[in-house]
Amino acid sequence: MEGSSHRTAQPLPWLLLAPGAAVILIFVTVPVAVALILSLTETSPFLPEGRFIGLANFVHIAGSAHFWHAVLVTVLFTAVSVGVELVGGISVALLLHERFPGRPLVRTAILVPWAVPTIVSARMWQWMLDYNLGVVNYFLKLLGLSAHGVSFLGTGPLAFLSLVAVDAWKTTPFVALIVLAGLEGIPEGLYLAARVDGAGMWQRFRHITLPLLAPVIIVAGVFRAIDAMRVFDIIFVLTRGGPGGATESLSYYAYMLLFGEGQFGRGSAVSLAMFLLVFTLSALLFRVGRFSRMVLQ
Amino acid sequence: MRRYGMLLIVVLILLGAIVYSLTRPEEDTLVLSAGGGPDEVANLRALLARFGQEHPGITVTLNPLPNNSDEQHRYYMTTFMARSRKPDVVRLDVVWLAEFIEAGWLLPLDRFAGDAFTRPFIGIIDTVDTRHGALYAVPWFMDVGVLYYRRDLLERYHQEVPATWSDLVAVAQTVCAAERTHDPGFWGYLWQGKQYEGLVCNFLEVAASAGGGLVDGQGRPTLVSTANERALRFMVDLVHAYRISPPNTYSEMEEEATRQLFQEGKALFLRNWPYAWSLFERSRLAGNVGVCSLPHFAGQESVGALGGWHLAINSRTTRPKEAWELVRFLTSHAVQRERAIGLNFSPTRTALYTDQAVRQANPLFGMLLPVIQRAAPRPLIPNYRAFSSVLQRYLNSALAGKLSPAEALQRAQEEIAPHGGE
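Same order as they appear, the protein sequences are chains P and A. Taking this note's numbering, the leading residue of the first sequence gets 863, the next gets one more, and so forth. Taking this note's numbering, the leading residue of the second sequence gets -3, the next gets one more, and so forth.
One chain only, chain P, in its complex shape (with noise of 0.2 Å):
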């Protein structure tokens, strides 16, 4: 009977955990049990008690052109925005890494966009891109690079990149954050015995700082690959998704379908796709990143 006073049903941890185990509960639970449901239903301001239709509405999404379409905006921006914010994010943490005068301002300085709420920047960054009055344009003719003025979101290529500057210009401070910290984690000793042996600058980055790198590179490319599949609030105030649908991502479309049109159903199918999507490809991204892990090692 000896060790049994380890475990008896101790109350006090049980009672410790239960306040964040009902917030899960009750904030992921239930919304996703919720979406399940409404799901497989028709529902409408015209139907509010919802009419069960099976998988209907998945079986419309599939083979939708308008949903494909998003799918394939969510994806391309995940990739391009999540691309640019690693290689951004890396740079300025090898800067960073550094010393120089002014350091400790310039890393608090940094993380100025990262706070800033997303709506409030991207506000600023419409204002600040408008063709007619924005500032952007005014120094583009100033300095004599444009004549009339760039339409930044006018065209569907132009506008999807004009997102993803916005999107990069708010998390690279992130990516950097992250990565800096794992760089600070590389012991010097490693630099000063590869200088020793006379390893130049790339060398050394390729194979001390890269490989040494690698978790918390993978570590920061899957939290911002999760985030950028679920852009919304830049499409919100940018371009609502234009011009002519072009920068419509999956959440966008989610929410046109659920508050605009009001059909709840199908909506809820969308948001449950979107969900396996992401499910999947984190999966895939944490292979690919052990993967990586390997063959840099």
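Hints in this document: simulated from the structure, not taken from any laboratory. It is possible that part of the hints are untrue.
As the list claims (entries may be wrong) - So the derived label-pair ranges between C-beta atoms look like this:
| hint | chain 1 | residue 1 | chain 2 | residue 2 | range |
| --- | --- | --- | --- | --- | --- |
| 1 | A | R312 | P | H931 | 35 to 41 Å |
| 2 | P | W930 | A | A330 | 52 to 58 Å |
| 3 | P | F1148 | A | G213 | 24 to 30 Å |
| 4 | P | H931 | A | L4 | 49 to 55 Å |
| 5 | P | R1068 | A | L4 | 46 to 52 Å |
| 6 | P | P875 | A | G53 | 50 to 56 Å |
| 7 | P | P966 | A | S279 | 46 to 52 Å |
Cβ atoms here follow ideal geometry from the backbone N, Cα and C, with glycine treated the same way.
Given chain P, put chain A in place with the hints provided.
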């Protein structure tokens, strides 16, 4: 220190709870939800204060919404689907009435308003606000698309106010050529082409002025027609061929964006709603802005899109009588007269259109009543949201040059057809 940490957390939670309960409106406060331009919101606050004084015992708060019609609609969609009891009184776009009535979100008003009440109002109270024989809303002010122009610039370059669309293009190109020598950011004609409800209004106006339209008498979509294609082709050309409308017309231009640009003196013509007039008259453009009905294609008639905002009561309100008092106050002869004189809001009571003071304060009204009476409504179908959502996307695609006008209309027709009908 740990002890004080716990105490601090408890105190903060208590404070939060107190602040929360103090800032929530009381259950018996009447809430009015309304969007609108800056002038309208300010006027509403003043009106509500007066109502509060004349009806002690009823407190009313204003819940201001964005000016964008679609955003207001989404707010109401979320609120009513959640079966909320607030807001009590809502300001609704005329195009939502069929939908909201069918969804059961509006309180029938027949127990408060009989024939004696509705008689002084413009005809739409019987056609649009009444459905299945019951009255659900009261028209508050009319809205119709009009053309604003810079009188001083037309005089300077000896141009006439255009009657047809080709006249407009010719005049705009002449003035632009001259103005752009010292202001390269000057535009001929500003209108709303962004992917939202306003685009449908703009298209409806051009299409109807070419003899086309959106639906037939039974509410079935009739998007594919030579007139409609001609209209859409013209709108595309305004940006890409004639270059008198800026390239961000279809990506950034909503009502306020075009109004601000025009007010900055950057354009010759502007299509907008009457609300902008009083804002221009208080700006540095005062005295130099004229208003007229929109141009048309040769051989056809000028058409403005019928807008207008109506007041209705949430069917789940806890205070229907007080809510009705507020609706009656806001749509009363006296208040509408004030708003007509002070803010140029077109009244919904026919008597006010022959009121001397109103006509004097309002050079607009001389031309406005006939324009309102000829205005083209958007389809009065319950599924108008879905209709508009699809149409917006394809119209915007055509404007962006991604689809030809014919293709855009064809695809819109195919996608909308299942939604059409009463």
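Exercise for the section: Could you work out which earlier hints the structure fails to respect and list their numbers in ascending sequence? Expected result: The structure conflicts with hint 3 only, although it agrees with all the remaining ones.
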